[in-house]
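Given these sequences and hints, build the entire structure.
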Amino acid sequence: MAHSGVCRAARSTTTSVPSSCSVQRGIAHTANPSLNATRAPKATPVDHDFLPSDGWGLACAAQGVRVTATCSMVAAIDGRRFAQARRRPQPRIDPVSGRGDPGQTLVPAALPAGDWLAPVDGHRVWWCEGGDPAGLPVLIVHGGPGGASRLEPTRWFDGLPVRWIALDQRGCGRSEPPGRTDGNDLGALLDDMERLRRRLGLGRWAVAGGSWGARVALAYAARWPEVLHGLLLRSPFLGTAAETRRYIAPWLPWLGAEGRAWLGEPAATAVAALYQAEPGLLHIGALRAAEALQGDERVARAWSAYDDAQSAPGGVLASGGRFDAAALPAATPQMMASWRVHAHYAAAGWGLAQAGPAGVPALNSGVPVGLVWGAADATCDPAVARALAVALPGAQAVEVPEAGHRMSDPRLAPALRAAARDWALRC
Numbered sequence: 001m002a003h004s005g006v007c008r009a010a011r012s013t014t015t016s017v018p019s020s021c022s023v024q025r026g027i028a029h030t031a032n033p034s035l036n037a038t039r040a041p042k043a044t045p046v047d048h049d050f051l052p053s054d055g056w057g058l059a060c061a062a063q064g065v066r067v068t069a070t071c072s073m074v075a076a077i078d079g080r081r082f083a084q085a086r087r088r089p090q091p092r093i094d095p096v097s098g099r100g101d102p103g104q105t106l107v108p109a110a111l112p113a114g115d116w117l118a119p120v121d122g123h124r125v126w127w128c129e130g131g132d133p134a135g136l137p138v139l140i141v142h143g144g145p146g147g148a149s150r151l152e153p154t155r156w157f158d159g160l161p162v163r164w165i166a167l168d169q170r171g172c173g174r175s176e177p178p179g180r181t182d183g184n185d186l187g188a189l190l191d192d193m194e195r196l197r198r199r200l201g202l203g204r205w206a207v208a209g210g211s212w213g214a215r216v217a218l219a220y221a222a223r224w225p226e227v228l229h230g231l232l233l234r235s236p237f238l239g240t241a242a243e244t245r246r247y248i249a250p251w252l253p254w255l256g257a258e259g260r261a262w263l264g265e266p267a268a269t270a271v272a273a274l275y276q277a278e279p280g281l282l283h284i285g286a287l288r289a290a291e292a293l294q295g296d297e298r299v300a301r302a303w304s305a306y307d308d309a310q311s312a313p314g315g316v317l318a319s320g321g322r323f324d325a326a327a328l329p330a331a332t333p334q335m336m337a338s339w340r341v342h343a344h345y346a347a348a349g350w351g352l353a354q355a356g357p358a359g360v361p362a363l364n365s366g367v368p369v370g371l372v373w374g375a376a377d378a379t380c381d382p383a384v385a386r387a388l389a390v391a392l393p394g395a396q397a398v399e400v401p402e403a404g405h406r407m408s409d410p411r412l413a414p415a416l417r418a419a420a421r422d423w424a425l426r427c
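So the sequence shown is residues 1 to 427, counted in the numbering used here.
Rather than coming from a laboratory, the hints here were simulated on the basis of the structure.
Using N, Cα and C, we set each Cβ at its ideal position, and we do this for glycine too.
One or more hints might be untrue.
Stated by the list, open to error - Pairwise CB distance ranges, derived in the manner of DEER restraints:
no., residue 1, residue 2, range
1, P133, P177, 28 to 34 Å
2, G201, E402, 39 to 45 Å
3, E402, V120, 39 to 45 Å
4, A318, G264, 25 to 31 Å
As structure tokens, this is what we get:
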């Protein structure tokens, strides 16, 4: 549903959302006021359980329901500002025991043991599932390349009728063998996802992907749009040359003289060369760099520290941090496997051609699409998420001010949870 105008409210003030307030297309909306509306006396909102301005106040106002919310101003896609509203506290689930208020389900403190798909191309792909067995099936696609499935995204759906499913991409996490790059490309990852859907006997499912996982999710949606219940994209990365160069641009300045000396100048510059491949094209310099660097423990340790620093709000440019050999993480088999897979995909231009907003799939207008990202994300360019919000009709988009790339970012985490829950209920 299209809206015009902007909902405005003073920062950190308690207000009722007026019935005349509306929100520009591209910002999130929901038509389920019963989830958030209340006629009871107002409660004190809490910072870490808020619902970004997704239209719930507007829907309630349209039905004559008084809504009390704490609002703050957020920049909209076109540079204007819109209100971001915090919802009332919800029942908590203890992160250690997994137990919550009476009537809530037991939530595991770790991912289940899972299983493997039948070997293909020398790869055994690991997967697991949890939640409500009779609920909406949601495939969670992890980031990277070289990442692994994590518990945090599954917690977004605690207490909802959602059957979440996760798999570790080829060479990643619990999939075997770790770090294997032969037979490992974007097309193969999509085939694995489809094999899993068929193994589970699912006619349709929803797909949620974050960072690199958003690229994978979009590619899957383009190939099999008919099996989608919905699409949720967190801090999306599409693999364009501009995104890649933006990410790696601070690498050499971050290293400085100390880092270049510690790594050696050839290795330091080879990492930058690794990211020069164009999407969908082979770049001989990038391929040579990948071959030379994949087994280098020092490079893996330095890159891991750099990638972590870039994930903070504003990245290394905002923090002013620099290379520190004494503070580098120790090399582990998991780190080396992750680095090998990451370097492999970077050298190949991140997989299939047609990366970028212009190459997004033409989804059915009835498929719910959610987008959430941090405005201060130095890893994945917020401009890409804004462009996707326009390219995907009906997308409900939430940009979180001052938030970086990490799912655990204290600003981003509650927005992710709230948006994911709203999206799941719309699917």
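* Asked: Do the Cβ positions of A318 and G264 conform to the proposed distance bound of 25 to 31 Å?
  -> For G264 against A318, whose Cβ atoms are near 28 Å apart, the range 25 to 31 Å holds.
* Per the hint of 28 to 34 Å, is the separation of the Cβ atoms of P133 and P177 within bounds? -> 31 Å, holds
* Do G201 and E402 keep their Cβ atoms within the hinted range of 39 to 45 Å? -> Between G201 and E402, where Cβ atoms are some 44 Å apart, the hint holds.
* If you check the beta carbons of E402 and V120, does the distance land in 39 to 45 Å? -> 43 Å, holds
Violated hints are absent here; each numbered hint is respected by the structure.
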